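**Student:** If you want the building blocks of each chain, they are given just below.
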Amino acid sequence: MSKDYIEVLERALKREKAARKQAETILERKSAELFEAKQNLEKSYAKLEILLNRKDSQLQGVFENIVDAYVIMNLQGDILKMNQSAVELLGFNNANQDYNLLSMAHPNETERVIKSFKLLLNKGVLTNFHLNIITLKKESKLVHINASIIYDEGVAVAAQGIVRDITLDNKYQKQIEAEREKYSRIIANMNLGLIEVDKCGNILSVNQSFLQMSGYLKEDFLGKRSNTVFTSISSNKINLDNSSKPKEIKFKNKLGALKSWLVSSAPNYNLNGDFTGYIKVYLDITAIKKLESQKEKLLTKLKKSNEELEEYAHIISHDLKSPLRSINALVNWLKEDNIENLDPISVKNFNLIEDTLEKMEKLICDVLSYSSVSTTGQNKTYVNLNDIIQNLIKIIYKPNHISINILNNLPILYGEQTKFEQLFLNLIVNAIKFIDKEVGIININVQDLDKYYKFSVSDNGVGIDSKYHNKIFKIFHTLNKSKDSTGIGLSIVKKIVDLHNGNIWLESELNNGTTFYFTIRK
Amino acid sequence: MDKKLNILLIEDDMIEVMKLNRTVSKLNLNHNIIEANNGEEALQILEHKDTLPDIILLDLNMPKINGLEFLSTLKADPVLKYLPTIILTTSNNQKDLLECYKIGVSGYVLKPLKYEDYVYKIERLLAYWSINELKQF
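Going line by line, the protein sequences match chains P and W.
The first sequence maps to residues 1 to 522 in the numbering used here.
The second sequence maps to residues 1 to 137 in the numbering used here.
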């Protein structure tokens with residue numbers, strides 16, 4: 001081998017050695033790097049795992065604690081997983097029961113359920129789905145469902161859904177709806193006109209009755225200001241303030257008839273309690289007003305004719321009495337001037353003329369007092385009947401053999417003193433007139449009944465046959481023809497009792513006496 | 001001692017006038033009666049201020065000017081309002097009575113049916129006024 005060749009070989013070997021050495025160094029370095037990298041990788045993997053675990057338990061927590069029912073099912077509808085709310089809502093015993101959710105739908109809902117399930121599969125989501133279900137505990141419920149499909153690498157694998165029980169909500173909603181309907185029906189059909197105005201007085205709504213009352217159309221009012229529209233269409237000034245005190249207005253309706261309306265306003269508030277305007281209610285009181293004024297007119301007329309009647313009675317009685325007085329004077333003078341020339345029979349006849357005149361005058365007086373009984377005087381006071389009767393006993397003519405006894409303390413009545421006087425006077429005088437016994441007794445008594453006083457005036461006189469009991473209260477009816485009986489006294493008594501909303505009747509036995517009873521309202 | 005009275009009787013009923021005259025003469029009273037058939041006539045008589053009566057007896061129900069109208073005219077007159085006026089009437093209407101006292105009367109006497117009762121009332125009435133002090137005209 002040549003030295004050159006050897007040298008060449010040696011050099012080549014040397015080069016090779018160096019190259020290997022270099023390669024070894026590189027390898028060493030690379031492997032150290034690799035180790036480090038692996039270490040790092042392991043570290044970050046561990047970190048990731050912790051992170052993942054944390055997320056997972058977070059999700060689990062959400063799943064369990066969510067208030068709404070949460071259900072995961074496979075694409076056939078079999079439940080895979082559900083939370084406690086779902087268990088309760090759907091009536092399960094625990095979360096691990098197997099069940100096909102689709103069979104929980106109400107039998108009537110089957111078709112809708114199938115349709116919606118298809119929709120869910122196609123679109124991937126189903127929102128705002130209302131469904132009637134029957135739970136495992138046989139309760140009917142209305143539920144609200146939001147659902148979506150779960151995909152694994154683009155393939156649908158399951159469906160998850162949130163189910164909310166809206167049975168109660170729905171019930172409330174329905175109740176509110178029913179209430180609202182009820183009120184709208186009332187508003188539409190009631191006889192009261194109703195308009196709603198906003199804060200500025202613009203008309204927001206009017207009901208049917210209001211349109212009927214006014215004769216106008218909805219369009220005539222809606223959106224217009226109530227103050228101006230009323231004044232302009234009714235062509236008379238209408239002041240509409242918003243006081244809640246009912247107030248009368250005049251409104252000329254479309255036919256031109258002037259109507260009287262009673263209007264009252266109530267402020268209107270929204271849900272937040274903010275003032276939003278007014279609700280005004282209109283009542284047509286035209287008919288009532290008309291009746292009122294008719295009544296007033298009638299009353300005035302009645303009062304006037306009553307006054308005229310009394311005036312008339314006075315004039316008549318005056319005109320009738322005057323000639324009687326004159327005849328009496330003339331007869332008296334004839335008698336006086338010729339007393340020596342008159343025979344006893346003529347004197348007796350003259351006396352008879354005077355008696356007749358007297359009777360005639362009494363008749364006129366009684367008719368006058370009968371006709372003035374119904375005219376109500378203004379002098380109503382509290383009248384003590386004890387005083388009245390004591391006074392009457394003093395002034396009336398009473399023979400000594402007759403005694404008048406008040407058996408009970410008499411009440412104090414509210415009314416006209418003269419009427420009560422007339423009442424008792426006539427009864428007492430009547431009693432005195434018909435007493436035929438040697439000892440005459442007149443008893444006056446009272447009984448306090450609930451709403452009435454029941455009075456009685458009894459005598460031990462001749463008595464009245466029962467067949468006359470109804471007749472004696474009639475005017476001009478007298479049982480005894482006598483100078484001082486005109487047949488008016490008891491008619492006056494009855495009229496006064498009638499005026500006090502009472503009744504009068506009598507009990508009587510022939511020859512034993514009579515008791516008159518009458519009631520007077522307290 | 002009793003004064004002799006000049007009495008103006010305002011009365012449309014002839015027999016009522018006769019009654020007063022007969023009563024006064026029957027009682028032997030010395031009074032002088034001036035007759036007026038109605039309010040108008042009475043006002044004419046009262047125009048003579050130098051011969052005014054001492055008292056007036058006035059009927060309420062008269063034709064033309066009735067008693068109340070006459071009374072109002074009288075009371076509106078500055079001189080005549082001092083004349084005592086006694087109502088002599090058949091009307092026991094409370095309204096009339098109150099109205100008369102309101103305008104201003106010196107008495108209100110109801111004419112009774114019986115002539116004797118009338119004599120009795122007139123006797124007392126005239127006796128009363130004949131002892132009264134009256135305005136000197």
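By construction, these hints were calculated from the structure, which means they are not laboratory data.
These numbers come from a predicted model, not from an experiment.
Honestly, I wouldn't trust all of these hints.
As the list claims (entries may be wrong) - No farther apart than 27 angstroms at their CA atoms in a straight line, the calculated lysine-lysine pairs in the DSS-like style are these:
1) P/362 x W/95
2) W/114 x P/335
3) W/102 x P/304
4) P/182 x P/138
5) W/102 x P/359
6) W/4 x P/398
7) W/4 x W/75
8) W/26 x P/303
**Student:** If you check each hint against the structure, which ones fail?
**Tutor:** 4, 5, 6, 8
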